[in-house]
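> Build out the structure end to end from the sequences listed, making use of the hints.
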Amino acid sequence: MYLIRRFEEMAEESYVRGLTHGTMHLSVGQEASAVGICMDLSNADYITSTHRGHGHCIGKGADVKFMFAEFFGKEEGYCAGRGGSMHIADPSTGNLGANGIVGGGLPLATGAALAIKQRKGKDVAVCFFGDGASNEGAFHESLNFAAVWKLPVIFVCENNQYGMSVSTERSMAVKDVATRAVAYSMPGVIVDGNSVADVNEAMMTAAERARNGEGPSLIECKTYRTKGHSRSDRNRYRSKEEIETWKAKDPIPMFETELEAHGVASRSEIEALQADVEKEIQAAFEFATAGTNPTPDSLLRGVTTTGDIELGAST
Amino acid sequence: MSEVRELSFSAAIQEALAQAMEADERVFLMGEDIGVYGGAFQVTGDLVHRFGEDRVRDTPIAELGGAGIAVGAAVAGARPVYEFQFSDFALLASEQIINQAAKMRFMLGGKVSVPVVFRMPCGSGTGAAAQHSQSLEAMFGHVPGLKVVEASTPEDAKGLLLAAIEDPDPVLVFEHKLLYKVKGHVPAEMYRTPIGKAVVRRPGKDATVVALGIMVSKSLEAAEILAGEGIDIEVIDLRSIRPIDTATIFESVKKTTRLACVYEGVKTLGIGAEISALVAESEAFDYLDAPILRLGGAESPIPYSPILEKAAVPQTDGIVAALRDLVKGRT
Amino acid sequence: MAVEVILPKVDMDMSTGTISVWHVKDGDTVKKGQALFDIETDKAAMEIESPGEGIIRIGNAPVKAIIPIGTVVAMIYAAGEEAKAFSGAAAPAAPVSAPVAAPVPANAEVAPSSSSGGVRATPLARRLARQQGISLAAVAGSGPRGRIVSADLANAKAAKSATAPTPLAIGMDGDAVRALYTPGSYSITPLDGMRRTIAQRLVQSKQTVPHFYLTATCVIDQLLAVRERLNGHAPKLADKTPAWKLSVNDFVIKALALALQRVSAANVTFTDEGILQHTVSDVGVAVSVDGGLFTPVIRAAETKSLSQISMEMKALAAKARARKLQPADYQGGTTAVSNLGMFGVEQFNAIINPPHATILAVGAGIEGFVPVNKLPVLKTQMKVTLSCDHRAVDGAVGAELLAAFKTLIEDPALMLV
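These protein sequence lines map, in sequence, to chains A, B and C. Per my numbering: the first sequence = residues 1 to 315. Per my numbering: the second sequence = residues 316 to 646. Per my numbering: the third sequence = residues 647 to 1063.
In case anyone wonders, no lab produced these hints; they're calculated from the structure. None of these values were measured; they are calculated from a predicted model. Just so you know, not all the hints are guaranteed correct.
No farther apart than 16 Å at their CA atoms in a straight line, the calculated lysine to aspartate or glutamate pairs in the EDC-like style are these [said to hold, decoys possible]: (1) C:1025 - C:1013; (2) A:150 - B:547; (3) A:227 - A:241; (4) B:643 - B:560; (5) A:249 - A:208; (6) B:426 - A:192; (7) C:960 - C:919; (8) C:970 - C:992; (9) A:122 - A:208; (10) B:426 - A:308; (11) C:710 - C:674; (12) B:520 - B:560; (13) A:150 - B:368; (14) A:120 - B:547; (15) B:426 - A:250; (16) A:120 - B:340; (17) A:227 - A:242; (18) C:1025 - C:867; (19) C:970 - C:958; (20) C:1052 - C:874; (21) A:247 - A:75; (22) A:150 - B:536; (23) A:120 - B:368.
Cβ pair distances, simulated, as ranges [unchecked claim]: (24) A:167 - B:493: 47 to 55 Å; (25) A:197 - B:409: 51 to 59 Å; (26) B:446 - C:730: 30 to 38 Å.
No residue lacks a Cβ here, since even glycine has one placed at the ideal position from N, Cα and C.
Right, dumping it as C-alpha cells:
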C-alpha cells in the first residue's frame, strides 16, 4: 500500500513538473482495495483494471520502474510507451490492463474467465470497476453472462462515490452497487474499502467460490479518492470537509496502527519498510528518466501480430 | 487433387467451423441462437449436437457484452468465433471491436494478441429493410488493428474463415445473405485462403472491375453480356477489405487502362473511394485512359419496397451500361 | 444547376462535327427536348435536342466550323441562376464547304510539350504523347468534353504519316543488346542530352533524307603555301601570341561558303511546302568534344575574312568544349563541314544535319605522285566528299558545287574576288 501511495505521489510530482504527457487518474486513498484484492492472486489469475489503475497494477505485482518508464513514454515501459497511464498493463502478472473506456474491462474480464472455464482451469479473473461503470450496459451484460454461464469471475466495485463529478446519489437508481448483484443471481457483499483485512477476507471467499466452479461474485468496496478525478479536476463537486473526513480514514495509517497493536510489526520495522519504498521509487524514477525514446519509424509496430512478423519486430 | 464436391456457401462455413473445432480445442463458437436453433441463417446447423453446448454457446441478446467476452477470452488464450446475427448488430459491439480488440495489442506494446473472429451476415435483397441490410465493411475497414474479409464463393467462404480463425489478430468476416444458398465447389480438406489476396475471376483486356461479395457474380454476369458486344472485362474479386491487395489491382489496371469498382456499401467514403485513391497514387495512374468509376450503394438507408431495395444498390444492367460507356470512352 | 450542351458524337468514326444550322439564338429560353441545332454528318443532318430547361447562352460555335466532338457549345441556365455569357467552344479551324471528319492540322510540329496547359487528356494519353514526342495541342480528343484518350494519338499519327515521314523507327531493345555480352565485360554510361540529340537527329536524317555522295580530289600545295605565308605575317598581340593562326579548315569553310554563293542552287533547304533558297552561307562546323560533337555555325561565312573565320572558330570550339554553346550558336545553317583529316582519315561520307541539304567531309592531305604532262610530280592531295539531299539538290547541282569548291581550294587567290 505504501508503495502505491508513494508511487502515486511521485507520479503526481512528475506530472506537475511537466515530465509526463497527458493526464493521470490517481488512486490515493484507495490503496486498501487494490492490495486487499490482489494479495492472494497468482500470476495465472487475471485482472482487468480501470483508468485509475496504477494501484491495481502494483498490487498485482508490477515493477514500478517499468511503470514510470511507461508514463515517460519510454520503450522500457510496460507498454513500450504506446499505452501510457490509462492503458498500463502487465500480462506477465496476469494484468490485462487499465482501460480508457468506463466499463470496457467488464466484458474482457468475463471473457478471460470464460477462457479459463473452457480449458477447465482453476484460475480466476477479477474485474476492477467503479461505481460509474455499474451504470454502463456492459456491466449488466457481463454480470448476466457470468451468472448464466457460471464463470469464475469476481466483480470488484471500488465505489468512491463519484463518477467524474456526479455522485452516486444523483446517478444510480440504488444506493449500493452490491444491490444489483441479486438481479444477476450472484452474492453481493459490501466491505470497508479502506480496511485491507476486510477486503481481503471478502476476496478469499469469492475466489474460493469461483475456483470451485460455483460462479461469479460481486464485492463492493466503499472507499474514497482524496485526489481529484484527474489532474484537471477542480473539486467543484464536493466539499473540503468531505475530503478531510475521508483523509482521516486513510487506509495506510489505519493499517499501520493495526499492525503495531497486534504486535505484527514494530514502528521501526514499519519505518524501515517505508525507507525501502523511498529507495525503490527513487531508483524507478531514475531508471525511467534514463529510458529510451521511441523513434517515429517504429510507429507501426504492434498494430497487428502478422504485421510485426513482417516487420521482424515480433515479440 | 481433392474430389470435386458441391456445397452451399453456408454449408462450407459450417464445415470450416467444424474442422477448426476438431483441429484445435481452443476454438469455440458464441452467438445468438446458434445452438439447437441452428443459427438465424442455419449456418451453425447441428454443430451443437456434434460439439456440445460448451463449444457452441448460445448467448443472451447482448452484443456488446458477448463480443467483449469473446475479446477477453481471446486475449486469455482461447480462439472464439463470435457470430453477430446481422452485421448491423455489430454496431452495438463497436466499443469492444474498435476500442478494445483492434487496439489492445498496440496499447500494450505488442505483449498480447487478440485472435478473435467476428462473423456476420451482411447486405440487402431480402426485404429486411434498413436495420438488417447494411454493408459496413468500409466502416470497420477504416480501423487499424482489424482485418476485414468477405468471400464471394463457397470455396473462399471456407478458406477465408479457416484463415481467420488461425490468424492471431482480430478478423471480421462478412457473409452476404444472398450468397448462403449459392452452391460451388468446396475441397474437403482443411485449407486456407490467404487474407489480403484478391483473385482475378475473369481475365479481360478492356477494363478492370474490382468487386466485392455478391457484386462479383453481378459483375461476371455483366462481363458475359458485354462479351457478346465485343467488350472484354476483367473481373477481380477483392476478398480482403483490410488489407487490400493493391498489387493485383495495379497490375490489372496497367493492362486494361480502365477501372470500375463495384460494391454494395454506400458509395460515399466507401471501398471504391479507397481503391480509386490507391490507383491514382500509384504507378498505375499513368496507364489510366479513362476516369475511375465507382458503382456503389445509394445515399439512403436500404428501403423496404423491393423496387426501391433493388434501386439502392448496383444491379447487373446498371453495371453493364456503366462499363459499356467506360470502355467506349463516354465516361 | 447549369447544364452543358455538347457537340455529340453521332457516328462511330466521328471525331469532329459541324453545326449546319442553329435553331435558337443566344439568350433564348429553351425547353427540355427542344431542337437546338442540326449537326452535319457524312450521312445526313441530325437534330440535337436540348438536355435541359432555361436560358441558353451559346459559345463560339458558328455554323460550318469544324468542332471536336464533346466540345461544350452552349450552356443552359435554370431559373434563378445567373445566365452569364458563355465564351466556351475552342476557336474552330478554318471553315470548309464540305464536312470533314479529319483531325485538326496534320503538319503539327513534332515538339513534345510536357504540360500542355488546359488540354484535357487521360494520364495514359499524356504519357504516350510525351514518349512519342507528340504535341497534345495538335491532337483531337474523342472523349467527353474533348478529352484526348490514347486511341486519339494513334489517329493523329496515322493522319500525319500521309504528309510527313514519321520519326524514328526503334532499334534493338536495350535488354536484347546487353544479353549478347558477358556481364562484367562492359560498363554503361547513361545517355546525356547531347548523345540523345545526336542519336535522334542523325537517325531522323538517315531515315528521311535521301543521301548521295560526290567525291573529288583537291591539290592543296598552293593552299598550304598561302597558309604558311599568311600565318607568318600574323602580327603579335599584346600577350605575344599571333593575331591569327589559320588552319586548312578555315580555308575550307570560306571556300564552301563562296562556292554556295556561286552555285546558289545548292544553298537550299527542303520543306514540304517548298524549297527554301538561302541568300547567305551559314556554315556549320563539326567540333569534337569529350563524349560527342557540336556543330556551331559561322554565319555569313562568305563575308568574313580567313582570320575572322579562324578566330570565330576558336571561340566557338572553346565554347563547345565548355558546353556553353547557346542555341543561337548552333541552330540553323545552310551547310556543314566535317574534317577528320587530322586523324589521317583519307575519305569518308558524312551524314547531313537537317535542315541542311549538303555536308562536306574533308580528309587528310596526303603526299603522292600525280601525272603532270605525263611526268610524275609530288603533290599533296586532299579528298573531299559532298553529301547531298536529293530532294533539294540533284546530281548535277551537287557536282557543280563540288567543282566550284575545288577550284577555290586549289587556287586560294580566287577567294579574293
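> Of the hints stated earlier, which fail here?
2, 4, 5, 6, 7, 8, 11, 12, 14, 15, 20, 21, 22, 25, 26
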